[in-house]
Amino acid sequence: MPATVETVFASVVARNPGEPEFHQAVREVLESIGPALARHPEYTEARIVERICEPERQVIFRVPWEDDRGRIHTNRGFRVEFNSALGPFKGGLRFHPSVYLGIVKFLGFEQTFKNALTGLSIGGGKGGADFDPKGRSDREVMRFCQSFMTELYRHIGAETDVPAGDVGVGGREIGYLFGQYKRITNRYESGVLTGKGLAYGGAQVRREATGYGAVFFADEMLSRAGGGLDGKRVVVSGSGNVAIYAIEKVHQLGGRVVACSDSSGYVHDDKGIDLELLRELKEQRRARLDDYARHVRHARVVSGRTVWEVPCEVALPCATQNEIGGAEAAALVAGGCVAVVEGANMPTTPEAVRILAGAGVRFAPGKAANAGGVAVSALEMRQNASRESWTFDESEQRLRGIMRDIHDRCWNTAEEYGLPGDYVAGANIDGFRRVAEAMLAHGLI
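One gets the working numbering by counting positions in the sequence shown from 1 and adding 35 to each.
One should not assume that every hint holds.
Computed Cβ-Cβ distance ranges for the label pairs, DEER-style [claimed, not checked]:
1. Ala392 x Glu194: 36 to 44 Å
2. Gly53 x Gly262: 40 to 48 Å
3. Gly53 x Pro99: 45 to 53 Å
4. Leu454 x Gly361: 42 to 50 Å
FYI, nobody ran anything at the bench for these hints, they're computed from the structure. Even for Gly, the Cβ is constructed at its ideal location relative to N, Cα and C.
Take the sequences, apply the hints, and build the full model.
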């Protein structure tokens with residue numbers, strides 16, 4: 036990093052102690068944007084880097100709720116409205132015990148550049164709570180969501196801040212949140228949340244969008260190298276919403292997903308993961324992957340080891356941050372991997388990125404590759420504003436076009452700055468430039 040940027044990063048670390056995920060996300064961007072700062076001295080003069088690393092607003096609040104036995108619990112809720120230079124704050128809500136301010140800030144910072152890459156008019160934000168919906172009844176989840184929205188509602192709106200789902204927040208939770216918002220405000224403001232059910236303003240392909248989008252990006256990246264997904268062995272981490280739809284789209288494009296995982300381990304099925312069985316286990320029965328081998332005799336379930344030891348040509352990390360470290364990256368290289376495409380947010384550590392780059396493995400960062408979810412969320416907002424409803428095919432076609440544009444923008448920006456094939460630099464520089472130009476235009480605010 037240039038000395039001036041290194042100083043900014045040191046200040047970020049000092050002002051935000053104990054938040055390693057946020058520090059990692061900031062450093063990853065700042066290490067890439069030196070060429071843009073050299074070409075645009077006005078960014079340095081206006082202190083854009085310092086300003087872009089500081090959220091516009093951070094909200095932390097208490098979420099009291101009662102379980103089915105009458106016991107009272109208190110969780111902590113968050114909403115970090117990071118940057119609105121390009122449009123209303125936009126980003127998901129995560130319900131998971133690991134959620135704390137540093138996680139939400141890292142996600143909001145990443146979201147700012149991810150949203151910029153879509154070319155749509157949306158700023159960056161993120162939120163959530165340290166609440167674990169696993170093992171809770173529908174009524175307990177409903178009571179928690181209603182309590183959470185009772186505070187959050189005063190900070191959001193269709194032209195202000197538009198949350199969506201993320202880890203632990205799916206269609207059930209969005210429905211409860213929207214119902215409480217409508218009840219409190221006495222407004223049917225359908226554009227205030229995205230990821231809604233189709234019955235009340237949701238968009239086709241929204242549920243599939245993040246997984247589909249990552250696979251579309253992977254296909255574009257491999258096609259640029261002279262191939263495509265057809266015939267490729269693919270390994271996917273996770274078995275939730277993003278992973279399931281990534282597997283579905285890989286199979287549709289001719290690839291073969293041979294392994295996926297959950298927190299207990301991974302399943303290896305060399306004939307290709309049985310998607311319908313996986314859906315039954317994870318979406319209907321909420322079971323562990325151990326049950327997969329009971330139905331598919333040739334498959335094997337491995338506990339306590341990394342899914343990245345399974346040989347593949349393409350890796351799609353779709354679980355959580357920092358799941359691919361140095362050892363996992365080395366295993367991927369040894370297993371013949373030629374491309375890693377992030378379906379999750381920052382699942383690859385800096386050490387792993389260096390190992391992959393050194394081995395010539397193409398690498399697509401999450402801010403580019405998993406932008407499909409927020410892109411279709413923005414399309415949902417557009418449909419809500421115009422009272423329209425698009426077909427599945429029309430929505431999927433728009434998603435594929437957006438992912439192709441993001442890929443080409445990353446590729447072309449990297450080439451423009453003399454870094455051909457560097458998707459990380461291309462994504463960071465292009466996203467940064469778009470936000471920086473808007474911030475310059477708005478003056479010192």
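Evaluation of the provided hints:
Between Ala392 and Glu194 the beta carbons are some 41 Å apart, a value that agrees with the proposed interval 36 to 44 Å. The supplied range of 40 to 48 Å is met by Gly53 and Gly262, whose beta-carbon atoms lie about 44 Å from each other. Between Gly53 and Pro99 the C-beta distance comes to about 25 Å, which lies outside the given range of 45 to 53 Å. About 23 Å separates the C-beta atoms of Leu454 and Gly361, a value inconsistent with the hinted range of 42 to 50 Å.
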